[in-house]
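Participant: So the protein sequences, as listed, match chains U and W. Convert by adding 25 to the 1-based position in the first sequence; the result is the number in the working numbering. Convert by adding 87 to the 1-based position in the second sequence; the result is the number in the working numbering.
Simulated from the structure, these hints should not be mistaken for lab results. Glycine included, each C-beta is placed from N, C-alpha and C at the ideal position. Hints should not be assumed to be uniformly reliable.
[Stated by the list, open to error] Stretch by stretch, here's where chain U covers chain W in the computed footprint (C-beta under 8 Å, at least three residues): (1) 206-212; (2) 242-252.
[Stated by the list, open to error] Here are the simulated lysine-lysine pairs, DSS-like style, with alpha carbons at most 30 Å apart: (3) LYS129/U to LYS242/W; (4) LYS236/U to LYS206/U; (5) LYS158/U to LYS272/W; (6) LYS273/U to LYS331/U; (7) LYS150/W to LYS135/U; (8) LYS206/U to LYS33/U; (9) LYS129/U to LYS272/W; (10) LYS93/U to LYS206/U; (11) LYS205/U to LYS33/U; (12) LYS89/W to LYS158/U; (13) LYS135/U to LYS236/U.
Listed below, chain by chain, are the residues.
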Amino acid sequence: MTVSAFVKLDDVAKRWNGQLGVEGITLDIPEGSFTALLGPSGCGKSTTLRLLAGLEIPDEGKILIDGKDVTTSAASDRNLSMVFQSYALFPHLSVAENVVFGLKVRRVPKAERQQKLHRALEITGLLGFEGRKPGELSGGQRQRVALARAIVAGQRLCLMDEPLSNLDAKLRNAVRKDIKKLQRDLGITVVYVTHDQTEAMSMADTVVLMKDGHIQQIGAPEDLYSRPTNTFVAEFVGAPPMSLIASKALPGFGEDKTIGIRAENVQIAPKGEGRLRCTVIESEFLGSETLIGLGHADATGLCVLKPGLSMLSEGNELDITFADENLHVFDAAGQRLAG
Amino acid sequence: MKGLIKFLDSFGAILLAIIWIAPLLFAFWAATHSTSDAVNLNLFSAWTLENFRVAWSGAPWLKYFINTFLLVTVILIGQFILTTLAGFAFAQLQFPGKDFVFILVLMQLFILPEVLIVENYAMVSRLGLFDSTLGVGMPYMASAFGIFLMRQSFKGVPIELHEAARIEGCGLLGILWRVYVPLAKPTYLAYALVSVSTHWNNFLWPLIVTNSPETRPLTVGLSIFGAPENGVDISIISAATLMSVAPLLIAFLIFQRQFVQAFLRAGIK
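With the rest of the complex left out, here is chain U (with noise of 0.2 Å):
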């Protein structure tokens, strides 16, 4: 790598009492990227994020944050800001002192605190809410005050942990776009803590897959989908995740592995002429297509799209056919084999 990597995480571990709550995460992330941590609940994402805030200092290992070591710095001392899940909104202070209260510590001068919550507030659309208390805001608008305060005192790397959650479904996709939009215009590095794999896929250049306290994958969103590089990846990334098939079912595999394929590489073959023959167990109207849900004795997650409104009665037998090259190889371990 000839630039050196703007925020880096070095074989970090974290454990609580003996438990695991992190192990063995090395991480480059450069300048003015946007790196989502994604994975199920309870698998140190969380971790992670507060590792780098420096909330939590990490049992082994060194965290780098502009080429200065903040292993053990304070919070404070990292030049960072956060945007809490929760908000984390002073409810005695108006919008406006939320803003400015992290300037205010710092003993910023009045004229540019005043100078930087106007700019802040004007790209988050909060002008004329200056005066007004957390309690007397909306769910959006609170979660728009914590990105301004966020912004406000223009620090290049922002942390946010999982900053949507707690909105509704059609403001969530709005909110997600603003973000994006701000990290790019911005050009401020983002490190964003979420379970949604939509939103990771959708906001991130960078994914960093995590389980059990472990990074499972690391990189671009369509190399996360496409090339999985285990199993746990390729039946948590997309929707319907990937199907795994046991390839004793498949003839030309081997006995011991596991054959991954895509609801969108799979075909519905006329009768007798498929190479898997399953049985119908659900249909998902979803509106462009419908999702059919398929049960075979030897497979998980297996299913197919059909084009437009095409529901089939629970119970058919219907046989399915697949490209070779569209499959994926794990071996018994789960882990990808080259191809």
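Given chain U's structure and the hints, the job is docking chain W onto it.
Facilitator: Below, chain W without anything else, positioned relative to chain U:
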């Protein structure tokens, strides 16, 4: 049957209230009438403010008022500082022996201050604070009740706010001052009401530890004023009593709601 129970409930409550308020009403009655009219409960006798005039000129009341006011202020400030810091330590900091020390503090709740009067007297004398406002207030500043109240109140502050303030660059005392203290405002108000009313009325300890009109608070001044050797005149003593409790009474009428809530809170938490 139900109506009868309801009637008895209200009747009981009103009866209790009358018994409770009777001494105050009588004091008011006595203070505004001449002594003989007051004792004879002569309902049609003339009203007078003469007793107040006599009582006021009979003792350095203004000095007593200032002393009491200073005393409750000094105690309250001391309590606010100590209970805030101690409450914060017990609520949010980790240190070895924390639970043990907290139990020690709670045990203080079970000890009546009167039990320690001799020891406190010796301690205050050794500190050279005998017959001074600080000496009267000192033993009450590290209030266990206050520490407990603040701890409970601080524990209710969401941890995210603490963390957000940390990230925004606040030190520990900064977080305490900017986040915890403002959020605990209702608790401070409740505690202040309880503390002021307690120490305005405190009598035994100030009686022992003060020696001169320069430091004597109202309660002690009143007791000396009303002592038998000065001759008992029920009307004048009543007038003096009314004067001493007036500020507290007026404050109670103004802050009635907060007062009731203060005790409810303290009970619930």
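Participant: Now tell me, hint by hint, if it's right for this structure.
Facilitator: Comparing the hints with the structure gives:
no. : hint                 : verdict
1   : 206-212              : violated (count 0)
2   : 242-252              : holds (count 6)
3   : LYS129/U to LYS242/W : 25 Å, holds
4   : LYS236/U to LYS206/U : 29 Å, holds
5   : LYS158/U to LYS272/W : 16 Å, holds
6   : LYS273/U to LYS331/U : 27 Å, holds
7   : LYS150/W to LYS135/U : 46 Å, violated
8   : LYS206/U to LYS33/U  : 24 Å, holds
9   : LYS129/U to LYS272/W : 21 Å, holds
10  : LYS93/U to LYS206/U  : 28 Å, holds
11  : LYS205/U to LYS33/U  : 22 Å, holds
12  : LYS89/W to LYS158/U  : 48 Å, violated
13  : LYS135/U to LYS236/U : 46 Å, violated
Of the numbered hints listed earlier, those contradicted by the structure are 1, 7, 12, 13.
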